[in-house]
Amino acid sequence: MPVPRALLADPVLEVAPRLLGMVLRSTTDEGTVAVRLTEVEAYDGPNDPGSHAYRGETARNAVMFGPPGFLYVYFTYGMHFCMNVSAGPDGQPSAVLFRAGEIVEGHDLARKRRGQPDAAQAKVNQSASDQAALDGPSPGVASRQTPGVRPARPDLAGTGKTSAVLPGKRGLSGRGEPGGVLPGKPPSRQAKTDPDRDLARGPARMCAALGIDRGANGADLLDPGSPIQLLEGPGFEGEPFSGPRVGLRQAADRPWRFWIPGDPTVSPYRPHVPKRRS
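Be aware that the sequence shown starts at 142, since it is given in this note's numbering, and climbs by one per residue.
Since the hints were derived computationally from the structure, they do not count as laboratory data. One thing to keep in mind: the hints can contain errors.
Below, simulated DMTMM-like cross-link-like pairs (lysine to aspartate or glutamate); rule was C-alpha separation at most 20 Å, straight line [as the list claims (entries may be wrong)]:
#1 K253 x D170
#2 K253 x D339
#3 K253 x D354
#4 K253 x E171
#5 K253 x E198
Taking CB as the label site, the calculated pair distances span [as the list claims (entries may be wrong)]:
#6 P368 x P412: 31 to 37 Å
#7 K253 x G197: 28 to 34 Å
#8 G388 x R255: 16 to 22 Å
#9 D151 x F377: 16 to 22 Å
In this text, a Cβ means the ideal position worked out from N, Cα and C, and glycines have one as well.
Please model the entire structure based on the sequences and the hints provided.
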């Protein structure tokens with residue numbers, strides 16, 4: 142069932158981590174796809190230079206200025222849609238960006254929308270990938286690692302878990318950026334993974350998998366009759382991690398991105414890269 146609206150009416154920095162483990166479900170004429178949220182980002186309106194609402198209300202961001210629980214969809218980079226849910230008291234323009242999640246319903250439709258093979262072909266591809274991982278790299282081919290990510294190391298808090306760490310980037314937890322690495326496994330083994338991991342691993346991918354475009358802007362996610370609903374989900378064990386938001390030029394150091402530690406669908410951290418002027 143949809144979550145209570147009061148749950149989204151608190152300050153956005155309290156609301157954002159609550160959404161982790163909840164389910165976003167979209168039903169269209171094609172069918173239903175549902176995503177369990179594993180990564181989100183908070184945007185705090187006039188208090189946040191990184192927010193679309195920082196300079197006031199416009200036709201584009203009007204949903205952020207309304208009551209909590211409504212979908213705010215925007216178009217970016219001339220090719221992608223991203224979506225948020227309005228949060229906080231009515232009239233205080235805050236929102237939470239849905240950054241990444243795990244497909245829990247409608248896998249075949251999500252694959253079709255993302256241009257990926259169906260379940261049968263995905264299984265064949267995964268078998269080949271698994272065998273390649275067991276065989277190791279071909280002679281003369283250098284192993285590839287994510288730039289800036291050090292190998293997994295023991296958690297300093299004594300939990301016995303390990304995580305990859307981005308140099309100089311630490312969240313409120315003090316454990317650094319896991320970048321979606323599974324606890325207890327080194328980064329070199331992450332290539333051998335579920336082929337559906339990337340279906341909603343990033344805000345644009347999630348919109349594509351769920352069939353979300355600008356026509357969904359303003360939808361009430363908490364209305365039981367809405368084709369797009371935010372539902373109570375299975376949650377997760379432990380505490381969320383937090384760290385800098387992805388790709389921001391302003392307020393980039395605020396640790397307002399929240400994610401489920403160790404979940405493979407969490408997107409990798411990427412800082413803003415200034416454009417070069419020719």
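Outcome of the hint check:
no.: 1; hint: K253 x D170; verdict: 14 Å, holds
no.: 2; hint: K253 x D339; verdict: 13 Å, holds
no.: 3; hint: K253 x D354; verdict: 16 Å, holds
no.: 4; hint: K253 x E171; verdict: 11 Å, holds
no.: 5; hint: K253 x E198; verdict: 37 Å, violated
no.: 6; hint: P368 x P412: 31 to 37 Å; verdict: 36 Å, holds
no.: 7; hint: K253 x G197: 28 to 34 Å; verdict: 40 Å, violated
no.: 8; hint: G388 x R255: 16 to 22 Å; verdict: 21 Å, holds
no.: 9; hint: D151 x F377: 16 to 22 Å; verdict: 20 Å, holds
Consistency note: the structure conflicts with the earlier hints numbered 5 and 7.
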